[in-house]
Amino acid sequence: MPEDKPQGEVIMMGKREKVPGWKGELFVEMVKLQDAKGVKYQVLCDSTNPVDLQNLPATKIFEDKMEALNYAMEMERSKAKWKTVRKE
Numbered sequence: 013m014p015e016d017k018p019q020g021e022v023i024m025m026g027k028r029e030k031v032p033g034w035k036g037e038l039f040v041e042m043v044k045l046q047d048a049k050g051v052k053y054q055v056l057c058d059s060t061n062p063v064d065l066q067n068l069p070a071t072k073i074f075e076d077k078m079e080a081l082n083y084a085m086e087m088e089r090s091k092a093k094w095k096t097v098r099k100e
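Residues 13 to 100 in our numbering are what the sequence shown spells out, letter by letter.
What the hints contain is simulated information worked out from the structure, not anything from laboratory work.
Keep in mind that this is a model prediction, so the values were computed, not measured.
The beta-carbon is built from N, C-alpha and C at its ideal position, and this holds for glycine as well.
Keep in mind that a hint or two might mislead.
What the hints assert, rightly or not - Now the in silico label distances, taken between C-beta atoms and shown as ranges:
#, residue 1, residue 2, range
1, 95, 25, 17 to 25 Å
2, 92, 25, 15 to 23 Å
3, 32, 75, 18 to 26 Å
4, 46, 95, 29 to 37 Å
With the sequences and hints as input, model every part of the structure.
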């Protein structure tokens with residue numbers, strides 16, 4: 013019997029942008045996670061350079077798609093502030 017592992021599907025990926033103070037290009041993704049319990053939406057901030065990974069804002073999971081989309085858009089607009097977000 014196969015294990016019930018969440019299935020993920022990228023439903024939104026922001027534009028990759030070079031931001032001063034970061035080594036790689038920053039971008040935001042929204043992933044739809046589906047398992048036996050239902051659907052959740054994961055918003056993650058990422059970089060094309062592994063050196064940046066430890067300074068990125070934490071990943072957040074939402075049950076409401078619109079909440080996740082609002083948060084993803086806010087993170088997309090505030091890429092220059094990501095280092096201060098991580099320190100809070």
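A quick look at each hint next to the structure:
1. 95 / 25: 17 to 25 Å: holds, 22 Å
2. 92 / 25: 15 to 23 Å: Taking Cβ atoms as reference, residue 92 and residue 25 lie about 19 Å apart, which means the hint holds.
3. 32 / 75: 18 to 26 Å: violated, 35 Å
4. 46 / 95: 29 to 37 Å: holds, 33 Å
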